[in-house]
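2 protein chains.
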Amino acid sequence: MAKLLDTIHGPQDIKSLTAEQLNQLADEMRELITVSVSRTGGHLASNLGVVELTIALHYVFDFVKDRLLWDVGHQCYAHKILTGRKDKFDQLRQEAGLSGFPSPAESPYDAFSVGHAGTAISTALGMALGAQYKNSDEKIVALVGDASIVNGLSFEALNNIGLAKRQMLVVLNDNSMAIDVTQGAVAKFLAGIRLSHTYEDIRKTTSRILEHLPVFGRTMEGALENFKKTLRMAISPSRLFESLNIPYFGPVDGHDIRSLIDLFTAIKELDRPVILHVYTKKGKGFTPADTNPRKYHSTGPFELNGEAGVSAVPGKRSFTEAFGDALASLGARDDKVVAITAAMPDGTGLNKFRKSFPARYIDVGIAESVAVDIAAGLAKQGFKPFVCIYSTFLQRSIDQIFQEASLQNLPVVFCIDRAGVVGSDGPTHHGMLDIGFMRMLPNVEVLCPADEQDLKLAMEYAAGAACPIAIRYPKEDLTEGGLAAELAVPYHRGKSVFVRRGENTRIAFVAVGPILSEALRAADILKEQGVETDVVSARFAKPVDTAIIDLFAQDKTVIIAEDHSLSCGFGSATLEEAVRAAAASDDTVMQRAIGRTVLLAGPDGFIPAAARHRQLAWIGLTAERMVEAVRQIAAGESVGLWRQNP
Amino acid sequence: MAKLLDTIHGPQDIKSLTAEQLNQLADEMRELITVSVSRTGGHLASNLGVVELTIALHYVFDFVKDRLLWDVGHQCYAHKILTGRKDKFDQLRQEAGLSGFPSPAESPYDAFSVGHAGTAISTALGMALGAQYKNSDEKIVALVGDASIVNGLSFEALNNIGLAKRQMLVVLNDNSMAIDVTQGAVAKFLAGIRLSHTYEDIRKTTSRILEHLPVFGRTMEGALENFKKTLRMAISPSRLFESLNIPYFGPVDGHDIRSLIDLFTAIKELDRPVILHVYTKKGKGFTPADTNPRKYHSTGPFELNGEAGVSAVPGKRSFTEAFGDALASLGARDDKVVAITAAMPDGTGLNKFRKSFPARYIDVGIAESVAVDIAAGLAKQGFKPFVCIYSTFLQRSIDQIFQEASLQNLPVVFCIDRAGVVGSDGPTHHGMLDIGFMRMLPNVEVLCPADEQDLKLAMEYAAGAACPIAIRYPKEDLTEGGLAAELAVPYHRGKSVFVRRGENTRIAFVAVGPILSEALRAADILKEQGVETDVVSARFAKPVDTAIIDLFAQDKTVIIAEDHSLSCGFGSATLEEAVRAAAASDDTVMQRAIGRTVLLAGPDGFIPAAARHRQLAWIGLTAERMVEAVRQIAAGESVGLWRQNP
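Residue numbers (the numbering used here), protein chains in the order written: chain A, 1 to 646; chain B, 1 to 646.
Calculated from the structure, these hints are not laboratory results.
Be a bit skeptical, because a hint or two may be false.
For chains that are exact copies, the list does not tell them apart, and a pair is met inside one copy or across any two.
List of simulated lysine to any residue pairs, SDA-like, C-alpha gap at most 25 Å [claimed, not checked]:
no., residue 1, residue 2
1, Lys556, Arg580
2, Lys495, Ser585
3, Lys165, Asn351
4, Lys134, Asp335
5, Lys65, Gly382
6, Lys336, Arg166
7, Lys336, Pro490
8, Lys204, Val489
9, Lys456, Glu486
10, Lys556, Arg631
11, Lys355, Arg294
12, Lys165, Asp335
13, Lys556, Val589
14, Lys336, Lys352
15, Lys556, Ile633
16, Lys165, Lys336
17, Lys88, Gln12
Please model the entire structure based on the sequences and the hints provided.
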């Protein structure tokens with residue numbers, strides 16, 4: 001059968017379709033998303049939930065002129081398919097393919113590259129104010145999920161939404177995911193609404209809204225007032241938003257395309273910011289995702305065995321799993337250990353701890369700032385909080401880490417997963433800045449374990465420390481059996497591990513974290529070529545080991561490799577310490593050695609989505625690049641900088 | 001007349017006083033605060049407003065065992081006076097004196113060092129959870145103002161407050177300051193309550209609460225329910241907090257000590273988190289502050305001319321004023337210029353712009369994150385937003401700057417006042433990290449003008465730039481006539497200014513921002529000693545000028561001075577660039593010169609409150625220190641590191 005989807009090349013092509021055809025289109029898009037994501041991996045459940053919503057939005061609005069702001073943005077697949085990117089959809093999250101998130105570089109239909117939560121209402125408010133200044137009639141739409149609306153940034157935007165004296169529509173896409181994840185008050189409030197409304201109620205709400213809002217022309221304030229009065233008698237959920245002085249409509253069925261189109265058509269004429277509360281079902285239409293949306297929130301490739309079941313492609317053991325096991329062990333040994341996350345129990349490996357110690361497991365929802373402050377309060381009470389947040393999202397808590405952890409010198413442990421390049425999630429999700437952010441903060445120590453055993457030892461050190469500790473590790477499989485027997489020594493403050501010491505070496509590799517494996521491989525290759533090298537695992541990005549600084553005094557050329565931005569990274573920290581030590585010693589040999597330092601690290605730019613090993617190769621974090629650098633040094637050639645991105 | 005206050009040495013001494021005596025005590029404390037702050041400077045109006053509230057809290061609670069968490073914390077003066085620090089109160093905000101903020105180092109009555117908004121409820125929640133785990137019966141009290149409760153962090157804490165299944169009291173100290181400052185929805189909501197309540201209503205509310213809450217013993221859920229039902233008929237303000245499922249009591253009179261004592265006594269027995277809404281009058285009891293609380297929010301020393309008037313001690317022209325004038329000029333020339341602040345129109349010098357272009361002035365309240373996202377939305381719409389936030393508070397927006405400005409490469413200008421050490425506000429307020437935070441972000445340029453003309457030129461460059469720009473400048477008076485005629489050249493991307501070029505110089509000073517004045521003074525002193533030096537004003541902390549890197553190739557010893565943390569600062573950036581250039585050139589002269597670099601910058605620690613010039617001296621940012629470094633280099637002595645704090 002010919003597919004309707006084949007005839008859709010842009011949003012304009014859907015505007016002539018009938019309601020029945022739009023429903024057929026939704027089914028076809030859902031199938032495309034499911035089949036394609038089973039091959040590429042990606043966010044499945046959330047995308048299946050917003051197909052009708054996306055179709056209805058594009059039917060009513062013209063998002064070349066109008067603006068659509070996505071929150072987090074991983075639910076934009078249907079939007080990409082409708083806006084001319086259908087044919088590249090099989091390249092989702094692949095090198096040189098489509099981003100898994102909105103991307104202005106790909107399409108004029110995407111306003112912002114996003115991946116973090118809470119930005120949709122905020123940036124939409126900015127764009128609405130811009131439209132207000134310009135007196136343009138473009139419509140502004142922000143689409144935000146129930147999990148994102150609890151973020152402090154969303155609240156700050158809602159609190160300031162009255163600045164916009166013009167149209168601005170906030171669609172609250174409520175798939176009740178926040179209810180699973182958190183016990184926050186807003187989630188409970190929304191759950192209460194959900195429980196008190198039957199499907200029949202929801203249908204009635206839709207018609208009630210439509211009755212009171214004229215479809216054509218600008219609605220007067222009076223009509224809105226009248227509407228609110230009528231609605232208030234029947235439905236109660238507006239309380240929260242009304243107290244923020246934001247007109248609230250809903251809840252309505254987010255899978256009823258026809259009604260959504262009517263609603264958007266009516267509501268878009270209102271000349272003030274309003275909220276439309278829409279119910280959707282995460283994973284709709286794909287049974288496994290439907291029944292286990294959390295599992296299919298973000299997934300690697302999987303096998304489709306008909307509608308009934310799927311089998312995930314099994315992966316190797318990861319740092320995340322190793323961390324989860326290690327924290328559960330610590331929790332069993334010490335009842336002061338508390339685990340805190342911000343809506344990422346799966347991604348941060350906390351499920352085991354959560355199951356074993358539910359009372360000492362805290363999930364605050366997508367609210368990274370309060371996660372850190374709760375940890376600080378707990379530490380003040382003598383507990384040992386482990387805050388488990390991805391590197392990129394921990395950026396949202398820098399000021400809390402500064403004031404509540406660093407300034408108070410409280411023993412909070414920051415477990416920073418997804419440090420370094422992250423592969424297919426791309427620029428919004430890389431963790432290339434955490435060493436810089438953390439090492440600037442007084443009292444904080446930054447640990448970079450290299451393998452599973454090293455991670456365990458780092459965590460034991462952290463559990464016993466009296467200061468804030470950051471432990472960073474990448475989204476990476478573990479090397480079976482570990483990297484080196486030499487790592488089997490406990491952590492001591494600011495002490496690195498010399499994994500290899502060659503004889504009369506002129507070259508020392510200093511590796512930060514698991515990139516040690518490449519340094520060791522480089523050393524092996526060089527050894528075969530007759531070149532002896534030292535290989536050091538830095539362990540501490542802060543404080544820098546004096547034994548590393550001593551390498552300069554020994555007139556060695558130090559090659560520092562780190563899966564982090566060069567800017568403010570460990571190499572930078574080493575140079576700071578080295579010149580301080582050299583100035584204090586007036587050692588000219590050392591001074592010259594400092595100037596010979598080679599830094600292999602991330603560029604001052606954004607690394608596109610691709611497999612992680614490809615990204616590492618681009619920034620020069622491979623044994624081959626290290627070997628080449630040594631050859632260049634020996635030959636008196638200039639050591640080239642990192643390779644460019646493709 | 002003998003003063004009651006003379007008999008008060010700690011909170012226990014007030015517990016036997018009568019209501020009348022407590023009121024007398026309040027008057028005496030208010031007088032002490034006013035007289036003392038007129039001499040030391042400090043936060044006046046907010047402290048005068050919470051005297052009775054503070055007395056009542058200490059009367060009812062025992063804050064050695066119980067916990068009192070202040071939000072922002074600048075309103076803690078009465079608390080300090082009552083908790084054994086009365087005799088040092090004349091040393092407020094002075095070197096080796098009392099901090100202007102809570103400080104655990106000073107007193108066990110202070111739980112956290114604070115100075116940033118939104119942390120009280122968050123950390124209190126963490127401490128309540130700790131108490132819950134320990135099953136201790138300590139009472140937890142958070143005191144938060146109406147200006148702070150709108151911060152996203154406060155909201156995240158309120159949304160998660162249900163995690164605490166025990167006593168926790170949030171006192172909302174509503175002095176209606178947020179209403180002056182912002183037009184946010186919560187402020188309007190609170191204003192609506194205020195307008196709809198007469199003083200008589202407020203008194204009735206108090207008795208109603210007391211009627212329904214048993215003073216002794218634990219209150220049952222039933223009593224609370226009954227109370228809520230009764231209250232709902234009479235008073236409506238609970239809507240916002242009720243929708244967050246937090247029992248709300250109030251509004252009540254925050255100056256009626258006797259009633260407050262009764263209320264705290266009753267409410268402290270409730271076994272769940274509750275909010276008590278208290279009305280206070282900022283500046284109460286001191287007529288000038290009473291009528292102009294904004295002026296006396298944070299003040300320098302002033303003269304007390306009886307009750308009727310005061311005259312401020314006039315100050316010199318500051319960077320803040322210069323910035324305010326320059327932005328107003330830009331605004332007059334270009335109607336795309338929009339100014340955005342987060343509740344700091346006075347502190348950031350925006351009042352002139354605000355008066356001239358009210359429509360293009362946006363104050364979002366204490367909500368730094370959304371300020372940045374609104375700016376990004378405006379930039380996307382073709383506007384030129386200038387985001388004006390203190391360095392220390394901009395830390396709360398790092399992730400928004402990362403994702404919404406840096407990743408999108410949008411031309412938002414960040415005007416970073418209070419960069420560097422800030423004097424008497426101390427550790428919570430220093431701006432020692434902004435170069436590091438900003439230079440890590442791709443696309444962002446970081447400008448450090450040295451004097452008023454330089455600041456103007458930097459702003460003109462920023463206004464024309466197509467990327468995010470950060471401009472940093474300190475809380476500092478301007479040198480009349482400027483620092484050097486050589487600075488009178490427009491900004492060019494990554495171009496420094498060579499202010500002095502000596503003949504055959506071996507030494508080059510590179511100064512970041514106004515510390516240039518000290519470098520010039522050092523050069524003068526050295527010249528008299530027959531030593532010629534180069535003096536460079538870096539202008540750009542990012543990108544680093546290649547002409548500065550060339551200094552190494554010229555075999556000069558480079559002394560870099562910056563009013564910023566050494567860690568991740570401009571010196572660090574210079575070393576990164578220098579070793580990259582040296583590795584690419586294999587120039588041994590250059591390599592040795594790099595190793596000789598001397599970094600004069602802030603320590604890896606917190607610099608205590610004192611006069612700014614004292615703080616600069618401690619960290620070695622004086623001409624004398626620079627001269628000494630040059631002497632040490634010439635003598636082949638080791639260059640000592642920065643001087644220690646006292």
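query: Broken hints, numbered, in rising order?
result: As far as the earlier hints go, only 8 is violated by this structure.
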